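Turn these sequences into a full structure, and let the hints guide you.
Taken in sequence, the protein lines are chains D and Z.
Just add 649 to wherever you are in the first sequence, counting from 1, and you've got this note's numbering.
Just add 649 to wherever you are in the second sequence, counting from 1, and you've got this note's numbering.
Hint data in this document are derived by calculation from the structure and do not stem from the laboratory.
Careful, some of the hints might be misleading.
Quick list of in silico lysine-lysine cross-link-like pairs, DSS-like style, CA-CA up to 27 Å [what the hints assert, rightly or not]:
1. D:Lys909 / Z:Lys937
2. Z:Lys879 / D:Lys943
3. Z:Lys1022 / D:Lys1052
4. D:Lys1052 / Z:Lys879
5. D:Lys942 / Z:Lys943
6. Z:Lys943 / D:Lys909
7. D:Lys704 / Z:Lys942
8. D:Lys1052 / Z:Lys709
9. Z:Lys733 / D:Lys704
10. D:Lys943 / Z:Lys741
11. Z:Lys943 / D:Lys704
12. D:Lys943 / Z:Lys733
13. Z:Lys868 / Z:Lys879
14. D:Lys902 / D:Lys1052
15. D:Lys902 / Z:Lys733
16. Z:Lys909 / D:Lys942
17. Z:Lys909 / D:Lys704
18. D:Lys909 / D:Lys741
19. Z:Lys741 / D:Lys902
20. D:Lys709 / Z:Lys1052
21. Z:Lys909 / D:Lys937
22. Z:Lys909 / D:Lys943
23. D:Lys741 / D:Lys704
24. D:Lys879 / Z:Lys741
25. Z:Lys709 / D:Lys741
26. Z:Lys942 / D:Lys733
27. D:Lys733 / Z:Lys1052
28. D:Lys942 / Z:Lys709
29. D:Lys733 / Z:Lys709
Covered, in the sense of this in silico footprint (three residues per stretch, anywhere, with C-beta under 8 Å from a C-beta of chain Z), are these stretches of chain D [claimed, not checked]:
30. 725-736
31. 804-815
32. 818-832
33. 923-937
34. 941-949
35. 958-964
36. 1042-1050
All of these numbers come straight from a predicted model, not from anything done at the bench.
For every residue, glycine included, the Cβ atom is placed at its ideal position computed from N, Cα and C.
There are 2 protein chains.
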Amino acid sequence: MSGRIRGNAVVGQSGGPTVVINQSLVGVIEAVAGCDAIERLLGCRHGVRGIVEEKFIDLKGLDRGLLDRLANTPAAALGSTRDKPDADYCRKIFEVFARNNVRYFFYIGGNDSADTARIINELAAAESYELRTFHIPKTIDNDLRVTDHCPGYGSAAKFVASAILGDDRDSAALPGIKIDVIMGRHAGWLTAAGMLGRQDECDGPHLVYVPEARVSQEKFVHDVAEMYGKYGRCLVAASEGIEDENGQAWGAKVMPTGEKDSHGNIQLSGSGALGDYLAEAAKTGVSKLLGGKKLRVRADTFGYLQRSFAGYASAVDQAEARLAGRKAVEFAMAGNADGSVAFKRLGDGKAYGIECFRAELKDVARETKDLPKEYINAAGNGITEAFRAYAMPLTGGLPVIGKLA
Amino acid sequence: MSGRIRGNAVVGQSGGPTVVINQSLVGVIEAVAGCDAIERLLGCRHGVRGIVEEKFIDLKGLDRGLLDRLANTPAAALGSTRDKPDADYCRKIFEVFARNNVRYFFYIGGNDSADTARIINELAAAESYELRTFHIPKTIDNDLRVTDHCPGYGSAAKFVASAILGDDRDSAALPGIKIDVIMGRHAGWLTAAGMLGRQDECDGPHLVYVPEARVSQEKFVHDVAEMYGKYGRCLVAASEGIEDENGQAWGAKVMPTGEKDSHGNIQLSGSGALGDYLAEAAKTGVSKLLGGKKLRVRADTFGYLQRSFAGYASAVDQAEARLAGRKAVEFAMAGNADGSVAFKRLGDGKAYGIECFRAELKDVARETKDLPKEYINAAGNGITEAFRAYAMPLTGGLPVIGKLA
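Laid out in structure tokens, this is it:
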């Protein structure tokens, strides 16, 4: 059976790391340990770059203790890359594979990594070179198509929800206007998670802005003033990728460097500029609406902590990321197929559970998935309870807090 | 015995919240439950402001479940304040106490709160009004005098250490220059905690800057370039209160608002401006030193998450904060004394433990405690192992990670 061709395997990690991306790596290592068809398991350093530079490390025979520690370590243990391979680059990868008798390729990453896997897979097919390619999803953005959700998202959502849960208590203790800027260039999945800790109507976040719902500066200021009038304070969760009424990213207007990544996107993360801009806009605008009232306004940009904070992963996310790695190997062994591991949610909506299935690489590559309309309120400044039902199980549960009457 | 005078008690919380400040509140509530001398236990809303406005809530008879949830809730459940009472304000407080037969005052806060407690105590003494006043220490800054360490610090230190532990893995996966700005206006205790997750010589933070060791922009850029040359990346932990070679706060030069607090200090927290400034300084300066090399530079400002993140407190800190609350009540009951609860570290430096003792209010009020010289390296850009021995037990332990060779 062609799925069982004998040879070596390569596993790599790509894109922005998560706190469970090494769970998937360990899942691959564990599953490969039981595969006679795979002789060597080579980890490529820094994703595709490590393949073309032939920087490999042998991953068979690592001891159990190290695997356990690795699985609990944030960020890509093999190293990651932002390289987005073009056709020439992919050809080089394929040549390295052919030269090293690599017959299995497992690539842990987002939609760009799925696309890279797809291109290499097509090159192999065109040359009648037997290569089983599996993409293993990971992204805190939760924006991959086909799958119900993405490994990495549940932990980031737990982090954001816990941060806002605590920040809301802080804001209640010392009231004012607080702006929290959360990762998410095109999709609001992670920002939406800021609402998961809300219990009472007066709890923050009082406003949530996501890229899927445009917001003008005028509306933003008006919204904040309204909530401040109602609650004596206002906690705002805003995606780094929010867009103004014309569809222009607010961040693009305020980022100091204008630095662009390999995809031509302006750098939004790793700077507090958008938070500071929103804070200043609120301070000036809301004060004016409230007759010159002096306001305490603060901004936090959650930054890289959302994707790399150690010791606070979601147990559900950890288990699922491990499973995704194992399943990629099982699927590659089971038949003459390539693809991406995807999750299907099981059950009646009460008990949470998933099963894995094989998605086509082309269906996961490139385009991404926005937050659906039913998760955004009619005013475009809040998140619905339907989203909570979707996202809460992925966090593995949030801290339970108490309040004085 | 005068320590047992019968009457009511007031408890309040003040200053920047921590994730364990409610543990101390619950400690007071629990200990008061066993005191016949205390008739009513009144919680004042928003610290001293709630006293002068007579906004009290009754804290006797709260159910066990609520107390447990409260104890695990970040930030001051009674509300906090930044008010720094002058003599008139303190007189008003005293008058409210006298009118309501308040004979016990427990104030959870930092050095300013200790000073407020001291002044009120002196007013009472001058009027021969029997009042037992106890300050219960709390601050993530860890800068109170007399005590070995402060409730609130261990949890904030655990947060910062875990954030940097993960961020360092992120930086190793996608190398570049990363700046992390950490709270601490005058003292570097919390920034120093960034080094607690370091295991190997190549681990970050590669540079740590604290207010106690001045650093010029030239030295900063030179240091970063040197580490980048050595490790191919550089992770920097910098206090928000770092000072230049002339003793001027870097933050004062770069903060957008210039807003000052009630103590006349310029606002440093709640903005990403210092991080962005340091990132730009590194980007321009280091690139120049390295012959125009294009550098990936990012900055994160940990912000309010350090003091309010839910669900990740240090178990040691939680237990000690609870104990501090209980001990304040015990000390007040035990004799005719006022003071501040302080910790003494026990043992031979191997097994960690503390015992509580009574410090004088005047010895804790006002002045603060800097990071001692022996915790800062000779170059003024790093933290010594002696600090690790001091601080690690307070975190209750950090995540254990693994790395590939």
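Claimed coverage, the region 923-937 of chain D by chain Z - three or more beta carbons nearer than 8 Å: holds (count 5)
Proposed proximity, D:Lys704 with Z:Lys943 (alpha carbon, max 27 Å): holds (23 Å)
27 Å Cα cutoff - pair D:Lys741, D:Lys704: Given that 27 Å is the threshold and the Cα spacing comes to 14 Å, the pair holds.
Pairwise hint evaluation, Z:Lys709 against D:Lys733, where the allowed Cα distance is 27 Å at most: Violated, because 63 Å separates the two Cα atoms, which is more than 27 Å.
Pair hint D:Lys909 and Z:Lys937, alpha-carbon separation not exceeding 27 Å: holds (20 Å)
Proposed proximity, D:Lys741 with D:Lys909 (alpha carbon, max 27 Å): Measuring from Cα to Cα gives roughly 26 Å; hence the hint holds.
8 Å C-beta criterion, at least three residues: is the region 941-949 of chain D covered by chain Z: The restraint on the region 941-949 of chain D holds, since 4 of its residues have a Cβ under 8 Å from chain Z and three suffice.
Outcome, coverage hint (the region 1042-1050 of chain D, chain Z; C-beta under 8 Å; three residues): holds (count 4)
Restraint status (C-alpha distance of D:Lys733 to Z:Lys1052 at most 27 Å): Holds, at about 26 Å.
D:Lys943 paired with Z:Lys741 [C-alpha distance capped at 27 Å]: With Cα atoms ~25 Å apart, D:Lys943 and Z:Lys741 stay inside 27 Å; holds.
Hinted pair D:Lys942 and Z:Lys943, Cα distance within 27 Å: With a Cα-Cα distance of about 45 Å, the restraint between D:Lys942 and Z:Lys943 is violated, given a limit of 27 Å.
Straight-line alpha-carbon gap D:Lys942 to Z:Lys709, limit 27 Å: violated (37 Å)
Consistency with the previously given hints fails for numbers 2, 3, 4, 5, 9, 14, 15, 17, 19, 24, 25, 28 and 29, ordered from lowest to highest.
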